[in-house]
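Chains F and G, in that order, are what the protein sequence lines are. So the first sequence is numbered by the numbering used here: it starts at 1 and just counts up by one. So the second sequence is numbered by the numbering used here: it starts at 112 and just counts up by one.
Please note that the accuracy of each hint is not assured.
DSBU-like, lysine-lysine: derived pairs with alpha carbons at most 30 Å apart [to be verified]:
#, chain 1, residue 1, chain 2, residue 2
1, F, Lys26, F, Lys13
2, G, Lys210, G, Lys182
3, F, Lys26, G, Lys165
4, G, Lys167, F, Lys26
5, G, Lys210, F, Lys13
6, G, Lys116, G, Lys182
7, F, Lys26, G, Lys210
Everything labelled a hint here was simulated from the structure, so no lab data went into it.
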Amino acid sequence: DAGVTQSPTHLIKTRGQQVTLRCSPKSGHDTVSWYQQALGQGPQFIFQYYEEEERQRGNFPDRFSGHQFPNYSSELNVNALLLGDSALYLCASSLVSGGYTFGSGTRLTVV
Amino acid sequence: DQQVKQNSPSLSVQEGRISILNCDYTNSMFDYFLWYKKYPAEGPTFLISISSIKDKNEDGRFTVFLNKSAKHLSLHIVPSQPGDSAVYFCAARASGTYKYIFGTGTRLKVLA
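Required output: the full structure, derived from the provided sequences and hints.
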């Protein structure tokens, strides 16, 4: 049974560019949450998607947007990249109110 | 404002002994708590959870204790094994919300 799959695993982008990260949830899970983990910090909540709608959002600017598809997979888009956006981006899937299963993350480096 | 704090960035324990990882929180609305373990180059892995209606939850070698009056929870690992060496995060969620707030993690090293 595949867990949470994230792609790509690593990515290097230039300041000002746009990036799209992808996540396939664990089989049977219908909720996807995205977190940003900077070096030496804990994961920070970006937003959560359920039934293709953004259900809750953390303290991130509008440059961060997302989408959930009918098959429950999700994308995280970041526009106008800044150096400070360099981090590990984690996708977590769950049932509506359950605990998370995390993917291995996408390491984004902005240069 | 860090609502979930793990004040010990690192901890070293001898194999076979008890590991105690601590976590403090400030938001009295938190009602559900999780512990995750993270190895390098992997995503966090769920370990154990506890609801605010309980003060203890046990799963094998792992026990989580919750002291609501002190706004403190701890994870006990007995006996500690070298494979337990990882970064441990506690996380909390407030009632009526969906987001978990994570601490900054404690790196546990179990010495053989």
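Each hint, compared with the structure:
A distance of roughly 28 Å separates the Cα atoms of lysine 26 of chain F and lysine 13 of chain F; the hinted pair therefore holds under the 30 Å criterion. The hinted pair formed by lysine 210 of chain G and lysine 182 of chain G meets the criterion: a straight-line CA distance of about 19 Å does not exceed 30 Å. The suggested pairing of lysine 26 of chain F with lysine 165 of chain G holds, with an alpha-carbon distance near 29 Å, which does not exceed 30 Å. Restraint check for lysine 167 of chain G and lysine 26 of chain F: the C-alpha separation of about 29 Å stays at or below 30 Å, so the hint holds.
Simply put, lysine 210 of chain G and lysine 13 of chain F have alpha-carbon atoms about 28 Å apart, close enough for the 30 Å limit, and the pair holds. The suggested pairing of lysine 116 of chain G with lysine 182 of chain G holds, with an alpha-carbon distance near 11 Å, which does not exceed 30 Å. Proximity of lysine 26 of chain F to lysine 210 of chain G is assessed by CA-CA distance (about 18 Å); at most 30 Å being required, the pair is judged to hold.
Against the hints set out earlier in the document, no violation occurs for any number.
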